[in-house]
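Asker: Between the sequences and the hints, there should be enough to build the whole structure, so can you do that?
First to last, the sequence lines map onto chains A and B. Numbering-wise (full-length UniProt numbering), the first sequence opens with residue 1 and increments by one. Numbering-wise (full-length UniProt numbering), the second sequence opens with residue 1 and increments by one.
Calculated from the structure, these hints are not laboratory results. A quick note: this is a predicted structure, and the numbers were derived from the prediction, not measured. Be aware that a few hints might be false.
Copies of one chain are not kept apart here, so a pair can be met inside one copy or by any two copies together.
Derived pair list, reagent style DSSO-like, types lysine-lysine, alpha-carbon separation capped at 27 Å [said to hold, decoys possible]:
1) Lys239 - Lys43
2) Lys203 - Lys249
3) Lys112 - Lys171
4) Lys173 - Lys239
5) Lys291 - Lys336
6) Lys363 - Lys88
7) Lys361 - Lys171
8) Lys203 - Lys173
9) Lys291 - Lys173
10) Lys203 - Lys53
11) Lys112 - Lys367
12) Lys112 - Lys173
13) Lys173 - Lys249
14) Lys173 - Lys87
15) Lys144 - Lys285
16) Lys215 - Lys249
17) Lys171 - Lys88
18) Lys171 - Lys285
19) Lys106 - Lys171
20) Lys53 - Lys215
21) Lys171 - Lys53
22) Lys363 - Lys215
23) Lys367 - Lys173
24) Lys43 - Lys87
2 protein chains.
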Amino acid sequence: MMLTIQKESTKATIHETSVDRKHHTIVVGGGFGGLYAAKELAKLPIKVTLIDKRNFHLFQPLLYQVATGTLSPADIASPLRAVLANKKNTTVLMAEVADIDPQAQKVILASKEELSYDSLIVATGVSHHYFGNEQWADLAPGLKTVEDAINMRRRILGAFEVAEKEPDPEKRKALLTFVVIGGGPTGVELAGAMADLANHTLKDEFTGIDTTEAKILLLEGFDRILPSYPPELSAAAEKSLTALGVEVKTRTLVTNIENHVVTYRCGDRVEHVEAKTILWAAGVKASAMGKTLADRTGVTLDRVGRVTVEADMAIAGYPNIFVIGDLANYAHQGDKPLPGVAPVAMQQGEFVARLIESRVKGKPAPKFRYRDLGSLAVIGRNKAVVNWGFIRVTGIFAWLIWTFLHVLYLVEFDNQLIVLLQWGYNYFTRKSGARLITGQYLQVMEEMEGIKPS
Amino acid sequence: MMLTIQKESTKATIHETSVDRKHHTIVVGGGFGGLYAAKELAKLPIKVTLIDKRNFHLFQPLLYQVATGTLSPADIASPLRAVLANKKNTTVLMAEVADIDPQAQKVILASKEELSYDSLIVATGVSHHYFGNEQWADLAPGLKTVEDAINMRRRILGAFEVAEKEPDPEKRKALLTFVVIGGGPTGVELAGAMADLANHTLKDEFTGIDTTEAKILLLEGFDRILPSYPPELSAAAEKSLTALGVEVKTRTLVTNIENHVVTYRCGDRVEHVEAKTILWAAGVKASAMGKTLADRTGVTLDRVGRVTVEADMAIAGYPNIFVIGDLANYAHQGDKPLPGVAPVAMQQGEFVARLIESRVKGKPAPKFRYRDLGSLAVIGRNKAVVNWGFIRVTGIFAWLIWTFLHVLYLVEFDNQLIVLLQWGYNYFTRKSGARLITGQYLQVMEEMEGIKPS
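Answerer: Structure follows, in structure tokens:
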């Protein structure tokens, strides 16, 4: 059955006449790649459909601030329909894509409906990778979705709440031990924000525990944290984290997680740490659409399941199927694939939109060239590291750059002013307004209190 | 086992010497009653413990704005620890009270720990009442907690999303039909906000459906909505709702909810309406602590399980156990019990704190006298009704009063300015920033799409 949306709508009739419906581009995924592609495509005289499982775009770089109670999910999320509301040639569908048929040029939804496309852009991103230890997923949750962040927030804040009531010093110590696995930007930002929470925000709010005694451990397999940054910035970040009280352990590989005990190998030594809160920031793997594309087109996947793309983001042999953002392995520039960061996805999305424009309008095809805008990570309340190639900035000045850029890119968001106000308020009062333990809170509390087995 | 928090803390030693620990008051519940009691008690030279299952106080009167995507949960919630952080004689415990022992003057937590009290204030409020049809709870969720609001938001927004993809006009109609059961303030405010959502906020965001065709039905058993208000205000509210497109049915009793069909009796007629979204705002019953108190003290409960209290809020025969707020049936003033609204709870909380002060300091006991500050309900975007006894206000002026008072009482909250900004933004742009479908979204979507049975 073909999906016949817009059939009975009078609005749709207006669309039919006002845009060239000969070319229909379907974009799957409303992250940075998909949204930036859709926004560019919406300017063209073609029909555009954006499909996402969720009804909102998420500003993932700030998700750690939801996990640590500074921002609310809605502060960093924007309804896709609201962002694209004035694009009259664009339809937004909240749906799951179950399969594609590249020969018939169709996308098949989980609800069995089918949609025909002329061009297809797949931008479904990545999820957590536990490197074959999928049983760790519940024990050491990761941070990719709003639900992940709410779950982390519940665990982090819940640990302090349960510690407040715990008379046994050993058990209290385990409750006040937090292990972050993975020293990339997410792990570094999470550890820094947790240190700030324990040392400042929560400091005067408990009577039975001293929250500044909380131990925050950051474990990284490489010989330094932020391994994708220049060594001097890694060193600066480690120094800042240590000053905040975070214990940084590099060359450290986690070998087991069980019964709230993390076992890790640090050189030749095997060590254990008992921690009620263990957070995963160690690796990513491609979303399921990667395998679907491989099955249907024979395209090569890399070792984490990302799709190898041509120099124009298309799949070999399928010039009208593009993969962009974190799901794409783009190795046509420099000596390694482009990193899985927002600027890459945004530039790829805009590039593919321009490529489709050139085809629709019969113009010469553009060439993709990634402009490296640098990379940056924030550490705690007022430190950051910024890598702009020759210019490397650390400390409070880097933090100001980070703040400016993040608010600038939140320009998509209604909430820009509100986020700035929240930050200002949190910064000057050291309070955090979004510290709610919600969702399956009873379950997590009982597990931490030992009433229920984990 | 006695709970020995504070034993090893150096902070606790400071407390021991600086406050008179002879009198320990335990407050159970951090709603309006419990929080206002705790804040007053914190000024006295006694020890205070506030116990709540949640780590935050919730400004429940605005919960419907979370359910309809205007505000975030954190905008109307404040961590209890943050509110009481500078009260050094006050301990906050996130815990569930399982039982009380009035003879031994102990509170027993779910985790088996026991706490001794000299005075006990119970303020655990009420939950939904389905009048013996508890199977309706999942089909027609109510609105008391943050999770309830997120659940409602998911259903309301999800219905529009699924309708956008639905080719069958009959099924689409059921998806765009919303039934609110109960015409008290919550039902009225919810129906008004939903009408605003359908007629304005979502209007230009869909291409396959016309959201203004959504049917919103408000069912009330009495002969008028807002039955606790003067008839002229009920009439004004009904007129405003009708102008917004809400279909108001009074003298209407729901007799069944099954397979997304609501059956109701309206006079002699029995009617049915198919609706994928059914919301419950019809009744409340006492929380479980009511029965616990009855079992342990023999106190009388009313027909919805509320605790009958003496003129000083104490339980007959137990002058040191008080029940306040929605859980209390206080019938010592006027011809019926005081209503279950925030001002009653706040005044009772402050009164009991003053009563305990008089006992600790050996002063004459105060007498409770409820000051009726009036009642008010908002209808849609810029209308309200306000009842101040002789002065009755409707329309936009009432809405301004409502806005002013709600922001005034949010003074407890860090978020006051942010809520004002959100409102201002939403008011002038008719957007709503917090329209996220989160939590068990796949489950609800599949149920609405008919992929999974409900």
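Asker: Give a verdict on every hint.
Answerer: Tested hints:
| no. | hint | result |
| --- | --- | --- |
| 1 | Lys239 - Lys43 | neither (47 Å within a copy, 43 Å between copies) |
| 2 | Lys203 - Lys249 | within (25 Å within a copy, 53 Å between copies) |
| 3 | Lys112 - Lys171 | between (51 Å within a copy, 16 Å between copies) |
| 4 | Lys173 - Lys239 | within (25 Å within a copy, 61 Å between copies) |
| 5 | Lys291 - Lys336 | within (22 Å within a copy, 67 Å between copies) |
| 6 | Lys363 - Lys88 | within (24 Å within a copy, 72 Å between copies) |
| 7 | Lys361 - Lys171 | neither (68 Å within a copy, 40 Å between copies) |
| 8 | Lys203 - Lys173 | within (16 Å within a copy, 53 Å between copies) |
| 9 | Lys291 - Lys173 | neither (43 Å within a copy, 37 Å between copies) |
| 10 | Lys203 - Lys53 | between (40 Å within a copy, 21 Å between copies) |
| 11 | Lys112 - Lys367 | neither (37 Å within a copy, 68 Å between copies) |
| 12 | Lys112 - Lys173 | between (52 Å within a copy, 21 Å between copies) |
| 13 | Lys173 - Lys249 | within (19 Å within a copy, 59 Å between copies) |
| 14 | Lys173 - Lys87 | between (54 Å within a copy, 26 Å between copies) |
| 15 | Lys144 - Lys285 | within (12 Å within a copy, 39 Å between copies) |
| 16 | Lys215 - Lys249 | within (13 Å within a copy, 59 Å between copies) |
| 17 | Lys171 - Lys88 | between (59 Å within a copy, 25 Å between copies) |
| 18 | Lys171 - Lys285 | neither (35 Å within a copy, 38 Å between copies) |
| 19 | Lys106 - Lys171 | between (56 Å within a copy, 25 Å between copies) |
| 20 | Lys53 - Lys215 | between (37 Å within a copy, 26 Å between copies) |
| 21 | Lys171 - Lys53 | between (40 Å within a copy, 21 Å between copies) |
| 22 | Lys363 - Lys215 | neither (60 Å within a copy, 49 Å between copies) |
| 23 | Lys367 - Lys173 | neither (56 Å within a copy, 48 Å between copies) |
| 24 | Lys43 - Lys87 | within (8 Å within a copy, 58 Å between copies) |
In summary, the numbered hints that this structure violates are 1, 7, 9, 11, 18, 22 and 23.
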